[in-house]
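Please build the complete structure, drawing on both the sequences and the hints.
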Amino acid sequence: MSTQPAAASSASLQRELGPRQAQRTGPRAWFRSLKNHQFAFAGAIALTLAALVALAAPLIAPHDPIEINAVDRLKPIGDSTYPLGTDRLGRDVASRLVYGSRISLGVGLATVILSNLLGITIGMLSGYYRGLDNALMRVMDAFMAFPGILLALGIMAVLGPSIINIVIALSIVYTPRVARVVRSSVLSIREMDYVEAARALGGGDARLIFRHILPNCVAPIVVQGTFIFAYAVISEASLSFLGVGASPEVPSWGNMLSEARQYLRSEPMLAILPGVAIMIVVLSLNLLGDGLRDILDPYMRDARGVE
Amino acid sequence: MLRYLLRRLLALIPVLILVSLISFTLVHLTPGDPVAQILGDDATVDEIERVRHDLGLDRPVYEQYLIWVGDALRGDLGQSIYVNQPVTSMIIERAEPTLMLAIVALFFTLIIGIPSGVIAAIKHNSYLDQSLMLLALLAVSMPNFWLGLNLILLFSVYIGWFPTGGYTPLGESVVGAFKSVMLPAIALGFSQAALVARMTRASMLDVIRTDYVRTARAKGLPASRVYITHALKNALLPTITVIGLVLTVLIGGTVVTETVFTIPGAGRLVVNSVIRRDYPVIQGAIMMVATAYVLINLVIDLIYVYVDPRIRLS
Numbered sequence: 001m002s003t004q005p006a007a008a009s010s011a012s013l014q015r016e017l018g019p020r021q022a023q024r025t026g027p028r029a030w031f032r033s034l035k036n037h038q039f040a041f042a043g044a045i046a047l048t049l050a051a052l053v054a055l056a057a058p059l060i061a062p063h064d065p066i067e068i069n070a071v072d073r074l075k076p077i078g079d080s081t082y083p084l085g086t087d088r089l090g091r092d093v094a095s096r097l098v099y100g101s102r103i104s105l106g107v108g109l110a111t112v113i114l115s116n117l118l119g120i121t122i123g124m125l126s127g128y129y130r131g132l133d134n135a136l137m138r139v140m141d142a143f144m145a146f147p148g149i150l151l152a153l154g155i156m157a158v159l160g161p162s163i164i165n166i167v168i169a170l171s172i173v174y175t176p177r178v179a180r181v182v183r184s185s186v187l188s189i190r191e192m193d194y195v196e197a198a199r200a201l202g203g204g205d206a207r208l209i210f211r212h213i214l215p216n217c218v219a220p221i222v223v224q225g226t227f228i229f230a231y232a233v234i235s236e237a238s239l240s241f242l243g244v245g246a247s248p249e250v251p252s253w254g255n256m257l258s259e260a261r262q263y264l265r266s267e268p269m270l271a272i273l274p275g276v277a278i279m280i281v282v283l284s285l286n287l288l289g290d291g292l293r294d295i296l297d298p299y300m301r302d303a304r305g306v307e
Numbered sequence: 001m002l003r004y005l006l007r008r009l010l011a012l013i014p015v016l017i018l019v020s021l022i023s024f025t026l027v028h029l030t031p032g033d034p035v036a037q038i039l040g041d042d043a044t045v046d047e048i049e050r051v052r053h054d055l056g057l058d059r060p061v062y063e064q065y066l067i068w069v070g071d072a073l074r075g076d077l078g079q080s081i082y083v084n085q086p087v088t089s090m091i092i093e094r095a096e097p098t099l100m101l102a103i104v105a106l107f108f109t110l111i112i113g114i115p116s117g118v119i120a121a122i123k124h125n126s127y128l129d130q131s132l133m134l135l136a137l138l139a140v141s142m143p144n145f146w147l148g149l150n151l152i153l154l155f156s157v158y159i160g161w162f163p164t165g166g167y168t169p170l171g172e173s174v175v176g177a178f179k180s181v182m183l184p185a186i187a188l189g190f191s192q193a194a195l196v197a198r199m200t201r202a203s204m205l206d207v208i209r210t211d212y213v214r215t216a217r218a219k220g221l222p223a224s225r226v227y228i229t230h231a232l233k234n235a236l237l238p239t240i241t242v243i244g245l246v247l248t249v250l251i252g253g254t255v256v257t258e259t260v261f262t263i264p265g266a267g268r269l270v271v272n273s274v275i276r277r278d279y280p281v282i283q284g285a286i287m288m289v290a291t292a293y294v295l296i297n298l299v300i301d302l303i304y305v306y307v308d309p310r311i312r313l314s
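These protein sequence lines are chains A and B, in that order.
Per the numbering used here, residue 1 is the first one in the first sequence, and the count goes up by one each step.
Per the numbering used here, residue 1 is the first one in the second sequence, and the count goes up by one each step.
Derived by calculation from the structure, the hints in this document are not laboratory data.
One or more hints might be untrue.
Said to hold, decoys possible - The calculated lysine to aspartate or glutamate pairs, modelled on DMTMM-like cross-linking and capped at a C-alpha distance of 25 angstroms, are: (1) B:Lys123 - A:Asp294; (2) B:Lys123 - B:Asp211; (3) B:Lys179 - B:Asp211; (4) B:Lys233 - B:Asp129; (5) A:Lys75 - A:Glu249; (6) A:Lys35 - B:Asp129.
In this text the structure is predicted, and so the values were computed from the model without any measurement.
Printed below as a string of structure tokens:
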């Protein structure tokens with residue numbers, strides 16, 4: 001008898017919240033909601049394929065991406081040995097595109113990890129220890145006063161061109177954005193009753209932060225991380241295009257575009273293909289990010305955290 | 001209003017100090033001796049010492065910072081290492097194309113972004129809405145320099161409507177100046193237009209659902225009138241706040257766009273300075289843009305308070 005009202009209210013709750021999986025949390029539930037979200041799922045699949053290409057690059061690439069063949073310069077698309085033709089130095093375009101995915105995805109992923117490590121730490125400190133908040137956030141604001149690409153350029157000027165330096169420069173650029181998102185989540189979560197309860201039960205700062213607050217910040221962090229990944233891919237290409245990113249012999253998509261610019265008139269395909277590759281990766285990241293935001297954080301719809 | 005303005009101006013000081021500190025430290029973290037770089041390999045120790053002294057590099061770091069900030073406040077950002085010219089005049093000489101490019105790009109951003117967002121919101125969930133949003137998603141997914149390359153290919157190489165690059169100064173020909181920044185401005189503004197469209201659509205959708213809009217419709221006012229005069233006014237408020245952000249992204253983006261279209265602007269100067277490791281120029285340019293960003297945002301906030309009096313009260 002006494003269970004009846006509870007069951008009824010749970011049923012009405014379920015009706016309000018929609019399908020049952022929406023109530024569950026955790027990676028498996030996320031995956032299930034992702035499958036129901038067509039666009040996001042398409043993005044996730046495209047991204048998985050790109051990751052597989054990057055991992056299996058030596059198996060897929062028909063040729064060595066940096067081998068110069070003076071005899072086979074500027075072969076057109078559809079050549080029997082070079083499916084997507086060759087560039088000015090006779091290097092195989094298809095192989096360079098395949099290996100380029102390693103640079104783009106690698107830089108993107110590393111930037112997301114590093115900027116999140118820094119940003120989560122700063123955001124946590126700032127949101128949890130209110131005494132630090134003002135100072136830390138003013139510093140973050142100051143960093144955000146620099147246009148991202150300009151700050152990255154300045155840092156690259158100091159560090160010199162290399163792939164690791166790109167990751168460092170871009171992580172410095174995106175850390176304040178992560179810190180802001182984490183801070184605002186922490187600010188709202190730390191006031192919740194269950195956190196208060198955990199503290200009353202004698203939970204120390206570390207326990208409260210890592211067991212009770214951080215797990216509830218995961219949704220906005222994941223959404224933001226997807227967009228940072230997307231922007232990092234574009235920024236890496238931009239820096240390499242400007243000649244201050246990956247060193248020129250590295251087969252990165254930005255470097256390919258930088259070289260292709262000089263022969264735009266005669267060899268337009270050399271400029272189009274790497275751009276399409278960048279677009280596919282960034283588009284799938286954006287689709288995934290938009291979808292994840294709809295699934296995880298319905299209130300954030302159509303607002304973007306990163307420039 | 002005056003008190004609000006004063007408070008905002010005071011709050012600028014710490015941010016500007018931090019901005020100058022970041023710009024200063026950035027360059028002073030550089031490994032290696034810049035003087036040895038200027039003078040080359042065959043410089044004697046005495047020569048290096050003399051130049052170090054002339055540049056003030058033998059003083060303590062905090063003194064160097066104070067001198068640099070003091071000079072910067074008087075409009076002197078130091079001397080370029082590579083070209084024997086003051087940084088300030090180098091930047092001012094190249095400011096015109098960059099400002100033209102950023103302003104025309106902002107114009108495109110708003111003229112494309114706002115109407116697309118409004119139309120998408122009014123036709124919510126229609127094919128038009130969905131295709132506009134898909135286009136917006138594509139726009140934010142392509143690098144602006146690649147879009148620039150495609151525009152050059154299409155409009156300059158194949159159709160021949162616009163020059164493939166370069167810049168015609170306003171003093172020479174006004175029409176020529178606009179013609180020369182047209183393609184770069186579209187390349188630069190396209191992805192920002194997409195962001196503005198998404199924002200406008202979202203806030204328009206919120207406003208359309210409010211009671212006062214429903215009342216206006218119920219009174220029998222025509223839809224166009226309700227949407228344009230009643231709803232748009234409120235829906236544009238969040239868009240105003242992003243204009244400052246959009247403008248900085250555009251100014252930052254000129255760095256790449258000017259390279260694609262070989263425009264001799266401030267952005268190109270920064271890229272060249274990075275390649276030549278001309279630190280005073282990089283430092284000065286970065287500092288100037290960040291300061292501009294802080295000031296632009298102050299102006300935007302003031303406009304916002306003026307447009308939306310609710311902010312002032314809180």
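So, going through the hints one by one against the coordinates:
{"no.": "1", "hint": "B:Lys123 - A:Asp294", "result": "20 angstroms, holds"}
{"no.": "2", "hint": "B:Lys123 - B:Asp211", "result": "19 angstroms, holds"}
{"no.": "3", "hint": "B:Lys179 - B:Asp211", "result": "46 angstroms, violated"}
{"no.": "4", "hint": "B:Lys233 - B:Asp129", "result": "21 angstroms, holds"}
{"no.": "5", "hint": "A:Lys75 - A:Glu249", "result": "20 angstroms, holds"}
{"no.": "6", "hint": "A:Lys35 - B:Asp129", "result": "23 angstroms, holds"}
Of the numbered hints given earlier, the model fails hint 3 alone.
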